[in-house]
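Participant: Sequences listed follow chains A and B, in order. For the first sequence, the numbering used here gives the first residue as 231, with consecutive numbering after it. For the second sequence, the numbering used here gives the first residue as 45, with consecutive numbering after it.
Since the hints were derived computationally from the structure, they do not count as laboratory data. We put the CB at the ideal spot given by N, CA and C, even for glycine. Each hint should be verified, as a subset may be incorrect.
Beta-carbon label-pair distances, calculated as ranges [stated by the list, open to error]:
| no. | chain 1 | residue 1 | chain 2 | residue 2 | range |
| --- | --- | --- | --- | --- | --- |
| 1 | A | P335 | B | S437 | 23 to 33 angstroms |
| 2 | B | T495 | A | A262 | 27 to 37 angstroms |
| 3 | A | H314 | B | R106 | 29 to 39 angstroms |
| 4 | B | S92 | A | P335 | 43 to 53 angstroms |
| 5 | A | S339 | B | R88 | 52 to 62 angstroms |
To spell it out: a stretch of chain B is covered by chain A in this simulated footprint if at least three of its residues, at any positions, have a beta carbon under 8 angstroms from a beta carbon of chain A; those stretches are [unchecked claim]:
| no. | segment |
| --- | --- |
| 6 | 110-124 |
| 7 | 307-315 |
| 8 | 342-349 |
| 9 | 457-469 |
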Amino acid sequence: MGLEDEEVISAQVVLRSAGGKAPDGESVVTAATLADFAPAPEAVARAVEGFRESGFQVGSAVGNSFSITAPAGTFRRVFGAPVHRTERGGLAGPDGETLRLDDLPGEISRLLAAVTFVPPPDLLA
Amino acid sequence: MPIRKTTSRTTAAGTGALPVPERIYAQASPHSVGGVSMFDAQDRIDSSVAASFFSEGDLLLRAASMLREAGFDVLQVSPASINIAGPRELYQQAFATRLYVEQRPVIKEFGEETVGEFIDSTDTEMPGLISPRGTPFADVLEGIAIEEPRYFMGASMFAPPRSYWHMRVPGDVSLGCNADRAHRVGVTGSGVRVAMVDTGWFRHPYFVGRGYHAAPVVLGPGAANPLADEVGHGTGESANLFAVAPDVELLPVKMSFVNTIGAFNAAVALAPHVITCSWGSDKRKGPLTAADQALAAAVAAAVAAGITVVFSAGNGHWSFPGQHPDVISAGGVFMAPDESLRASDYASGFMSAIYPERRVPDLCGLVGMLPRAAYIMLPLDPGDQMDVGTAGSAHPDGDETAPDDGWACFSGTSAAAPQLAGAAALVKQACPALTPAEVRAILMSTARDVTAGTCSPSTGGNAAVAGPDTATGNGLVDAHKAVMVAKLRCLGPVPSDAPVPPVAQGIAPMSGTAGPGAADPAAPRPRLSAREVRELEAMIIDGGISGAGLP
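Only chain A is shown next, with the shape it has when bound in the complex (with noise of 0.2 angstroms):
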């Protein structure tokens, strides 16, 4: 299901570790190993700053990623891709959670490993 342009959605920036290394589905990520996955602080700084241009509201960055915020329009200007409702409630671009970087600058686009939605969560009540 298609989303009005002005309803304002979200998703999760994760950006590449300062040695250009991102997690793979398999990789451990904890405390110990955290190090390994870090971006560079530059990095962060330049990446936050490039999303906030074009139109985006940024959250805190904690870990390798940071949350971009904005009406679906923007997601599809900057993305160059609509954004759909899926059956669970959740977000996805053409390809499915994770969206294509290539519209992105490519200044932009080389300091990420994914911009991603995330799926509703189940409460555990």
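Let chain A serve as the given structure and place chain B on it in line with the hints.
Facilitator: Relative to chain A, chain B alone:
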């Protein structure tokens, strides 16, 4: 359009230089399709005419864009209005107005006749209305309604009595977690800040009446309406936290269902001592997704910064991040009326296929049994989703309460997480220098062994046996014993950990309050040798010492 005021309104309570909140919430209404402003409507606005106060989609979008460009946080866009937030200066600049605080007579909870503080503008005769006239916003907005304080009138502070076996807060939950005895020696969570990332928090009369401390709700990305908890989950679970640690400061973070990681990160940025999360997703095996790994990194960063993080183990879920190695994984134990204990068959217990040798849970809180774990009577926002969803059936399928009474009976490992977070808060009060790993180790080593019952059949139905097992971990939390051991640790040489890495290099600076290196300089200096501490700990764990004489 309402006219600009020519005179100031006065009230019985008067006006004055009262402080204005740092962040002001309002509803900006774009021009209505019916041609009449909702603020000029002379008749009652009801469902029969509501659509005439909606706005064209293009206009809504343009208005939201202008507000955002002006610097407002646009929290939510609905057909009739746009929920915004920002500081006073921004409103004054954008709408060429002046905002002030005015006291007006109100009736608060428990019929208390007093005054409330309302924000108003100098623009219009209508209380709380800002006019955009004379500003660029006049083309898109018909008015801006400033949010007002609301007072609760619907629910009782007393839980409805029901005849089936269930726990009541705070007394039964505190007793079941053996927290009463910790409270009796003055360890109540005082000075400890616990962030709860959940569906929001509603200021229920139960909380007001007991004088619990809660900071204003922080909105996670995409969340709106900080005064309401439309689901009820967060409000209810917070009562479990307060039952075990009544003097903590609760920092509620309201998450939207589209970005839990952003909400978790917002909680980390508050620099609490403890974060509790009663949610997760089902991850029986890898690989983890990009979003999972971002959440794993956020959890790891929080723990590396000295924050104790508690997640629910799941209700038949192979829950993530409940199986992350750095969290305290909260499972479930059922306490019967005769005080006997058994593993809850509603709660998960499993060996992680993602993190080698990771057993879930670490230890347990109080959780009900299948089919619905209707076990703890909890306060919530009257008429919210859980109030309605649990009502209407006889126990155990329902909770036999009304759908709008502001009380519902539920548990799950959602309840266990804040109970363990409360116990962790007591431990941190008893010995602030302890690291998250030490807090977890103390809670586990002092838990009451559970040797009966099986965990959820969805995760294998593992049996509780003597000693640690994959049904209940180390068993049911014993807050009093944990506090005694924590006190001992502060009397003896606290084991030092490796240097603490930053949350992430250069991002999310933390205050020193949560870090394991941030030991209170006023904390007692070591007076016992390591051997003496070990021997006394063993005596406490074995039940041979009460600890009442510990400072």
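Participant: The structure should be examined with respect to each hint, and the outcome stated for every one.
Facilitator: So, going through the hints one by one against the coordinates:
In this structure the hint that A/P335 and B/S437 lie 23 to 33 angstroms apart at CB is violated, the actual value being about 56 angstroms. Between B/T495 and A/A262 the beta carbon distance is about 33 angstroms. The supplied range of 27 to 37 angstroms therefore holds. Separated by about 23 angstroms at the C-beta atoms, A/H314 and B/R106 break the suggested range of 29 to 39 angstroms. Taking 43 to 53 angstroms as the suggested C-beta distance range, the pair B/S92 and A/P335 conforms, at roughly 51 angstroms.
Take A/S339 and B/R88: their Cβ atoms lie about 53 angstroms apart, and the range 52 to 62 angstroms holds. Residues of the segment 110-124 of chain B lying with their CB closer than 8 angstroms to a CB of chain A number 6, which satisfies the three-residue condition for coverage. Against chain A, the segment 307-315 of chain B contributes 5 residues with a C-beta closer than 8 angstroms to a partner C-beta. That satisfies the three-residue criterion, and the hint holds. Given a C-beta distance limit of less than 8 angstroms, the hint that chain A covers the segment 342-349 of chain B holds, as 7 residues qualify and 3 suffice.
For the segment 457-469 of chain B, the proposed coverage by chain A is satisfied: 4 residues have a C-beta within less than 8 angstroms of a C-beta in that chain, meeting the threshold of three.
Hint compliance for this structure: hints 1 and 3 are broken, all remaining hints hold.
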